[in-house]
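S.K.: Sequence:
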Amino acid sequence: MKVHYINIFLFALPLNILVNTHKEPFITHHTPKIPTTRLLCECDLYMPNYDNDPQMKKIMDKFSKQTQQRFEEYDDRMVEKRKQCKDKCDKEIQKIILKDKLEKQMAQQLTTLETKIDTDDIPTCICEKSIADKMEKGCLRYAGVLGGGVMPGMGLIDGSLLGAISLLKPAAITAAEKAAVTEATDPATKAGMKEVILKIEQFLKHFTKKEGLVNFTSVVNEANFKSATALHESVVKLLSKRCKFGSKETGNVFCNTIEYSGVTPFNGYTKAGATAYDATLTTKTTVLTEAKVGAVEATYASYQTAIIASIVAIVVIVLIMVIIYKILRYRRKKKMKKKLQYIKLLEE
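Those letters in the sequence shown? Residues -23 to -1, 1 to 325, per mature numbering (1 follows the signal peptide of the UniProt record, and there is no 0), in order.
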């Protein structure tokens, strides 16, 4: 049986050789074989293979920016920490120097006393009055005088002045209005008389000297230019020598007209004069009242401004002195606080 197995294996071997004859390695082809190589060129020997990659460039730029930013933040933090450490060290050094200086001064001044100094042995109330202390007390005294006596008194005086002004102002305005009416009466009277004379002249134009014309405009005055009866009586009195009023003798045309017309034509003359008087009086009174009342208003406004300015000036002075007092008091407290700190340092 073993012999048969050996024969079968030996027979299969030549069959396998005959079937795979085309795979013999010793068969050569006519086409020359081009060898493939993975060697780098001399120019690319030291060149990274990501220089021309845009994504890699972007990542590298971002990395460099972040790194630079972190370094800058680190530098800023280090600068701040160094500054804090330096300030702290300076303060400690100043404390040490101050303590040594105080110890030396106290040792020089208290050589005759005991070496062990308690807080009760340190004099705290022996000090010279400085200019600031004197000024503080002066400001306090002046502020007390101004605030306690002068300021209320000035406020009372200014208040009474303002009250008096407020009471006198209406009376002054009323007096100004009356003065305006009085002052406007004169030009109004002249305007009324002028209008009456104008009307009489128009009447006289209808007569001639042959008809016995007599110019009686001179009788017009302040008393009769608005009264027809008074004006007629004045004219009759003036013409009584030339015209024989009430006699049987026939006079001239002018005298007869005056006698028989009576008071009627004079009503028109006086009415025109009264109208001119009223119009002129109203116009002049309005103008003069505005001027005089405006002057009164301006005068009282200047008084009020002066009083208010004085009040403001006093208040400002008091405030300045109070501010100076507060500043000096704050400095004094600060100085006393430093002294207490020195004492605590000496105790330590």
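Among the hints, erroneous ones may be present.
Unchecked claim - Here are the simulated lysine-lysine pairs, DSBU-like style, with alpha carbons at most 30 Å apart: (1) Lys311 - Lys78; (2) Lys81 - Lys269; (3) Lys261 - Lys167; (4) Lys269 - Lys78; (5) Lys58 - Lys68; (6) Lys176 - Lys78; (7) Lys218 - Lys182; (8) Lys65 - Lys81; (9) Lys81 - Lys155; (10) Lys312 - Lys76; (11) Lys315 - Lys60; (12) Lys312 - Lys68; (13) Lys269 - Lys203; (14) Lys81 - Lys321; (15) Lys81 - Lys312; (16) Lys248 - Lys261; (17) Lys303 - Lys314; (18) Lys60 - Lys34; (19) Lys72 - Lys315; (20) Lys310 - Lys65.
Stated by the list, open to error - Simulated restraints, written as ranges between beta carbons of each label pair: (21) Ile284 - Lys312: 39 to 45 Å; (22) Glu178 - Ile284: 18 to 24 Å; (23) Lys39 - Lys78: 53 to 59 Å; (24) Glu154 - Leu296: 41 to 47 Å; (25) Lys315 - Lys63: 35 to 41 Å.
These aren't lab readings, by the way, just hints derived from the structure by calculation.
These figures come from a predicted structure and were not determined experimentally.
Using N, Cα and C, we set each Cβ at its ideal position, and we do this for glycine too.
S.K.: Does each hint fit the structure? Answer for all of them.
M.R.: Verification of the supplied hints:
no.: 1; hint: Lys311 - Lys78; verdict: holds (20 Å)
no.: 2; hint: Lys81 - Lys269; verdict: violated (84 Å)
no.: 3; hint: Lys261 - Lys167; verdict: holds (12 Å)
no.: 4; hint: Lys269 - Lys78; verdict: violated (80 Å)
no.: 5; hint: Lys58 - Lys68; verdict: holds (15 Å)
no.: 6; hint: Lys176 - Lys78; verdict: violated (114 Å)
no.: 7; hint: Lys218 - Lys182; verdict: holds (22 Å)
no.: 8; hint: Lys65 - Lys81; verdict: holds (24 Å)
no.: 9; hint: Lys81 - Lys155; verdict: violated (91 Å)
no.: 10; hint: Lys312 - Lys76; verdict: holds (17 Å)
no.: 11; hint: Lys315 - Lys60; verdict: holds (25 Å)
no.: 12; hint: Lys312 - Lys68; verdict: holds (18 Å)
no.: 13; hint: Lys269 - Lys203; verdict: holds (29 Å)
no.: 14; hint: Lys81 - Lys321; verdict: holds (16 Å)
no.: 15; hint: Lys81 - Lys312; verdict: holds (21 Å)
no.: 16; hint: Lys248 - Lys261; verdict: holds (20 Å)
no.: 17; hint: Lys303 - Lys314; verdict: holds (16 Å)
no.: 18; hint: Lys60 - Lys34; verdict: violated (39 Å)
no.: 19; hint: Lys72 - Lys315; verdict: holds (12 Å)
no.: 20; hint: Lys310 - Lys65; verdict: holds (25 Å)
no.: 21; hint: Ile284 - Lys312: 39 to 45 Å; verdict: holds (43 Å)
no.: 22; hint: Glu178 - Ile284: 18 to 24 Å; verdict: violated (59 Å)
no.: 23; hint: Lys39 - Lys78: 53 to 59 Å; verdict: holds (58 Å)
no.: 24; hint: Glu154 - Leu296: 41 to 47 Å; verdict: holds (43 Å)
no.: 25; hint: Lys315 - Lys63: 35 to 41 Å; verdict: violated (23 Å)
Hint check: violations occur at hints 2, 4, 6, 9, 18, 22, 25; the rest are consistent with the structure.
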